[in-house]
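Each chain, written out:
2 protein chains.
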Amino acid sequence: MEMAERAPVSGAGAAVEPAGGASRPGGAAKRPGTRGRATASMADVARLAGVSSQTVSRVSNGYAGVNEETRRQVLAAMKELGYRPNSAARALKRGEFRTIGVITFTLSTTGNVRTLEAIATSAAAEGYAVTLLPVAVPTQDEVRGAFSRLEELAVDAVIVIMEVHLLDAATVILPPHVQVVVVDSDAGDRYTVVDTDQAGGTRTAVQHLLGLGHRTVWHLGGPEDSFAAQRRADAWREALVEAGRTPPPLVRGDWSAESGYHAGLELAAREDCTAVFAANDQMALGLLRALHERGRRVPEDVSVIGFDDIPEAGSFLPPLTTLHQDFAEVGRLCVQAVLRKMRRNDPEHGTTLVPTRLVHRESTAPPPEAR
Amino acid sequence: MEMAERAPVSGAGAAVEPAGGASRPGGAAKRPGTRGRATASMADVARLAGVSSQTVSRVSNGYAGVNEETRRQVLAAMKELGYRPNSAARALKRGEFRTIGVITFTLSTTGNVRTLEAIATSAAAEGYAVTLLPVAVPTQDEVRGAFSRLEELAVDAVIVIMEVHLLDAATVILPPHVQVVVVDSDAGDRYTVVDTDQAGGTRTAVQHLLGLGHRTVWHLGGPEDSFAAQRRADAWREALVEAGRTPPPLVRGDWSAESGYHAGLELAAREDCTAVFAANDQMALGLLRALHERGRRVPEDVSVIGFDDIPEAGSFLPPLTTLHQDFAEVGRLCVQAVLRKMRRNDPEHGTTLVPTRLVHRESTAPPPEAR
DNA sequence: GTGGCTGATGTTTGCGTAAACATCGTGGCG
DNA sequence: CGCCACGATGTTTACGCAAACATCAGCCAC
Chain A
1 MEMAERAPVS GAGAAVEPAG GASRPGGAAK RPGTRGRATA SMADVARLAG VSSQTVSRVS
61 NGYAGVNEET RRQVLAAMKE LGYRPNSAAR ALKRGEFRTI GVITFTLSTT GNVRTLEAIA
121 TSAAAEGYAV TLLPVAVPTQ DEVRGAFSRL EELAVDAVIV IMEVHLLDAA TVILPPHVQV
181 VVVDSDAGDR YTVVDTDQAG GTRTAVQHLL GLGHRTVWHL GGPEDSFAAQ RRADAWREAL
241 VEAGRTPPPL VRGDWSAESG YHAGLELAAR EDCTAVFAAN DQMALGLLRA LHERGRRVPE
301 DVSVIGFDDI PEAGSFLPPL TTLHQDFAEV GRLCVQAVLR KMRRNDPEHG TTLVPTRLVH
361 RESTAPPPEA R
Chain B
1 MEMAERAPVS GAGAAVEPAG GASRPGGAAK RPGTRGRATA SMADVARLAG VSSQTVSRVS
61 NGYAGVNEET RRQVLAAMKE LGYRPNSAAR ALKRGEFRTI GVITFTLSTT GNVRTLEAIA
121 TSAAAEGYAV TLLPVAVPTQ DEVRGAFSRL EELAVDAVIV IMEVHLLDAA TVILPPHVQV
181 VVVDSDAGDR YTVVDTDQAG GTRTAVQHLL GLGHRTVWHL GGPEDSFAAQ RRADAWREAL
241 VEAGRTPPPL VRGDWSAESG YHAGLELAAR EDCTAVFAAN DQMALGLLRA LHERGRRVPE
301 DVSVIGFDDI PEAGSFLPPL TTLHQDFAEV GRLCVQAVLR KMRRNDPEHG TTLVPTRLVH
361 RESTAPPPEA R
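Heads up: the protein sequence lines correspond to chains A and B, in order. Note that the first sequence covers residues 1 to 371 in my numbering. Note that the second sequence covers residues 1 to 371 in my numbering.
Incorrect hints may have been included.
With a cut-off of at most 27 Å between alpha-carbon atoms, the simulated BS3-like pairs for lysine-lysine come out as follows [said to hold, decoys possible]:
| hint | chain 1 | residue 1 | chain 2 | residue 2 |
| --- | --- | --- | --- | --- |
| 1 | B | 79 | A | 79 |
| 2 | A | 93 | B | 341 |
| 3 | B | 93 | A | 93 |
| 4 | B | 79 | B | 93 |
| 5 | A | 93 | A | 341 |
Computed beta-carbon distance windows for the label pairs [stated by the list, open to error]:
| hint | chain 1 | residue 1 | chain 2 | residue 2 | range |
| --- | --- | --- | --- | --- | --- |
| 6 | B | 359 | A | 43 | 54 to 62 Å |
| 7 | B | 224 | A | 43 | 45 to 53 Å |
| 8 | B | 64 | A | 53 | 34 to 42 Å |
| 9 | B | 72 | A | 234 | 45 to 53 Å |
| 10 | A | 43 | B | 357 | 32 to 40 Å |
| 11 | A | 343 | B | 345 | 34 to 42 Å |
| 12 | B | 345 | A | 224 | 50 to 58 Å |
A few chain A residues that don't get close to chain B, going by computed Cβ distances all over 12 Å [unchecked claim]:
| hint | residue |
| --- | --- |
| 13 | 47 |
| 14 | 52 |
| 15 | 64 |
| 16 | 67 |
| 17 | 75 |
| 18 | 104 |
| 19 | 112 |
| 20 | 203 |
| 21 | 242 |
| 22 | 269 |
| 23 | 270 |
| 24 | 314 |
| 25 | 317 |
| 26 | 336 |
| 27 | 368 |
I should point out that these hints are in silico values taken from the structure, not numbers from a laboratory. Note that beta-carbon positions come from the ideal geometry of N, C-alpha and C, so glycine has one too.
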């Protein structure tokens with residue numbers, strides 16, 4: 001921090017030549033491709049300040065027992081040389097990297113991205129960096145590969161934003177000292193989990209529509225291999241049964257707007273379908289298009305409710321009533337949880353659910369027959 | 001890789017106690033909170049395999065000159081102890097971290113996210129990890145803070161996904177040995193830049209609409225402080241002037257669908273507006289809603305073209321004609337460029353533009369008067 | 001046969017940092 | 001007055017790894 005305003009690029013390390021060149025046999029030009037200008041080390045700073053390197057270390061780490069005058073000199077020397085602690089050496093010495101690894105299957109869903117962003121922000125606030133490990137194709141080998149790399153990588157803990165069953169085969173190679181927190185799954189018995197309250201949100205959605213007078217609620221679900229989708233579908237069914245209604249057949253999409261459109265064409269053909277709960281906003285978007293094309297008005301003929309509350313949801317035609325997921329909170333809690341586990345070396349698993357919030361816009365209304 | 005299928009969690013390091021405990025004075029329980037079970041080091045493996053630690057190193061790094069029999073023994077010992085190279089020590093010794101830092105202002109735009117994803121994937125393919133540094137609020141202090149951290153952080157190079165003018169004040173503290181590549185800017189004279197060909201794409205959009213017979217093309221631009229927006233606006237104006245048309249007044253949004261809606265209400269009121277080029281798809285979405293609400297049909301009365309080709313664009317009402325940005329390619333080229341610069345220690349700046357592609361859907365048509 | 005060469009392996013050393021321990025004044029107190 | 005506690009600083013050492021150099025056996029050529 002203190003050296004934030006040192007000289008611009010080429011002027012760095014101007015006055016004193018950091019040790020190197022002749023004196024160090026092998027290690028002069030460290031950074032590959034750095035024209036021999038090694039970065040200043042603690043020893044260089046110590047020499048310039050006329051103290052021992054240990055004193056530099058003490059200043060660098062903010063220890064109390066350093067004379068004010070000495071401290072000033074050291075800081076001055078640091079500034080002059082543009083000294084930056086070498087994090088590799090630090091990590092080696094301390095045995096921790098101050099880095100959290102995030103493994104994720106894809107960044108193409110809003111949820112994953114927003115969660116990741118929140119994780120990065122929270123981690124930064126705690127002095128941790130975030131290393132990203134995306135897994136392009138979700139074969140088990142891929143996942144395993146990613147984790148293999150993560151282990152050799154400099155991470156103290158791992159947050160997984162991914163359907164947990166993709167992780168199962170990889171579990172065995174998690175090194176015992178790395179704590180893991182998982183998002184987006186219901187594997188609370190085997191992992192520490194932080195997630196949106198899928199079931200609660202779904203119940204809210206269903207009850208909202210029933211409350212408007214709809215006889216039952218159709219569900220445009222996510223793909224079969226997604227636990228989150230499964231969970232929402234289960235909760236939808238339960239909520240209907242609890243209310244004494246008969247759940248209509250489940251219609252599936254794959255989270256994409258396109259798949260929502262296709263499913264929507266089916267639903268539009270059913271006269272008895274007056275209310276649809278879509279498992280995410282993208283599919284709801286496609287659904288809206290299909291209903292529009294088939295002349296079914298929303299919300300007059302059919303009510304639609306989404307899940308996620310993506311930023312665009314308020315601009316759909318009509319603006320979409322949906323369940324807001326607080327991804328920022330999920331990300332924040334992930335970091336909290338993983339750091340707590342790390343610090344306490346806590347092997348216990350816990351599940352933290354973040355509630356959703358119903359955002360009432362213009363895509364839901366009482367059914368035609370109730371008017 | 002060889003140790004991918006070693007024993008599950010608790011069985012790690014079963015047979016041989018890695019050195020530690022009594023023999024090492026200070027360094028027994030390294031990882032904080034690890035109940036004293038230190039991870040195995042090269043020395044431990046060497047002891048078990050009955051070779052020197054250097055031979056272990058050679059096996060670990062795949063050097064040729066190791067006897068096949070010896071190699072097998074070492075690999076077996078590694079497996080038994082669950083040995084993983086310590087990346088901190090490796091980084092310290094080698095003087096590089098095999099990590100690229102990505103600094104970005106926000107992950108709420110599709111472009112940034114997709115670019116980031118491509119960067120992470122490409123970097124992984126090159127054996128590099130990606131460390132993420134989001135800057136929540138774009139004040140200069142924030143940016144500076146992020147870079148400060150990056151320097152102490154373990155990165156060999158930096159990719160910036162951010163309007164470059166936000167970076168200017170921070171530049172001075174970039175350490176001289178870190179190569180930088182910037183996305184999303186036109187600062188080719190000061191940085192190496194990889195970006196979508198904004199101007200080319202814009203020209204394509206304008207020409208497409210003029211080609212359909214529209215007298216002129218309106219522009220729903222991005223915020224004033226965005227270079228990308230500025231660039232698209234400039235190119236739009238130029239393309240019109242080149243074609244001998246008079247550019248109508250510029251209407252601005254802030255990239256959001258909401259802002260597109262508000263701007264759209266204005267545009268909908270102008271009878272002479274028959275074609276709009278929106279600077280991104282989100283704003284186009286809002287624009288579509290506004291036009292719909294005001295009874296202006298798309299594309300019969302007004303043609304709309306977007307920019308980005310977000311996944312949802314094909315599900316808009318109507319499906320949006322837009323310019324596809326190849327973010328994956330941008331990300332890939334970023335990694336290529338920054339690694340090349342690193343390896344050659346290349347101080348030269350270059351600009352790489354990735355072309356766009358017109359995706360023709362249903363939101364554009366000839367103007368009413370041409371029919 | 002002996003010198004040199006090659007391939008396989010061991011030994012030494014140092015990367016930059018920070019804990020542990022050592023030293024060295026100074027001042028307070030018995 | 002001398003001893004000791006204490007604050008400030010210096011010295012040693014080890015973190016884990018991998019270059020550089022050293023060693024050593026076997027083998028070929030002259």
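Hints versus structure:
1. B:79 with A:79: Answer violated: residue 79 of chain B to residue 79 of chain A is near 46 Å, above 27 Å.
2. A:93 with B:341: 31 Å, violated
3. B:93 with A:93: Holds, at roughly 13 Å.
4. B:79 with B:93: 24 Å, holds
5. A:93 with A:341: 22 Å, holds
6. B:359 with A:43: 54 to 62 Å: Because 59 Å falls inside the window, the suggested range holds.
7. B:224 with A:43: 45 to 53 Å: Once the Cβ atoms are compared, 50 Å apart, the range 45 to 53 Å for residue 43 of chain A and residue 224 of chain B holds.
8. B:64 with A:53: 34 to 42 Å: Holds - the Cβ-Cβ distance for residue 64 of chain B and residue 53 of chain A, about 39 Å, lies within 34 to 42 Å.
9. B:72 with A:234: 45 to 53 Å: Given range 45 to 53 Å: holds, Cβ gap about 51 Å.
10. A:43 with B:357: 32 to 40 Å: 55 Å, violated
11. A:343 with B:345: 34 to 42 Å: Given about 40 Å between the Cβ atoms, the range holds.
12. B:345 with A:224: 50 to 58 Å: 51 Å, holds
13. 47: 20 Å, holds
14. 52: 19 Å, holds
15. 64: About 22 Å separates residue 64 of chain A from the closest Cβ of chain B, which puts it past 12 Å; holds.
16. 67: 25 Å, holds
17. 75: Per Cβ check, residue 75 of chain A is outside 12 Å of chain B; nearest 15 Å; holds.
18. 104: The assertion about residue 104 of chain A is violated, with a minimum of 9 Å to chain B.
19. 112: Violated, since 9 Å does not exceed 12 Å.
20. 203: 27 Å, holds
21. 242: Holds, since 33 Å exceeds 12 Å.
22. 269: It holds; residue 269 of chain A is separated from chain B by about 19 Å at its closest Cβ, greater than 12 Å.
23. 270: Answer for residue 270 of chain A: holds, closest chain B Cβ roughly 21 Å.
24. 314: 6 Å, violated
25. 317: At about 5 Å from chain B, residue 317 of chain A fails to clear the 12 Å cut-off, so the statement is violated.
26. 336: 16 Å, holds
27. 368: 22 Å, holds
This entry does not satisfy hints 1, 2, 10, 18, 19, 24 and 25, going by the numbered hints stated previously.
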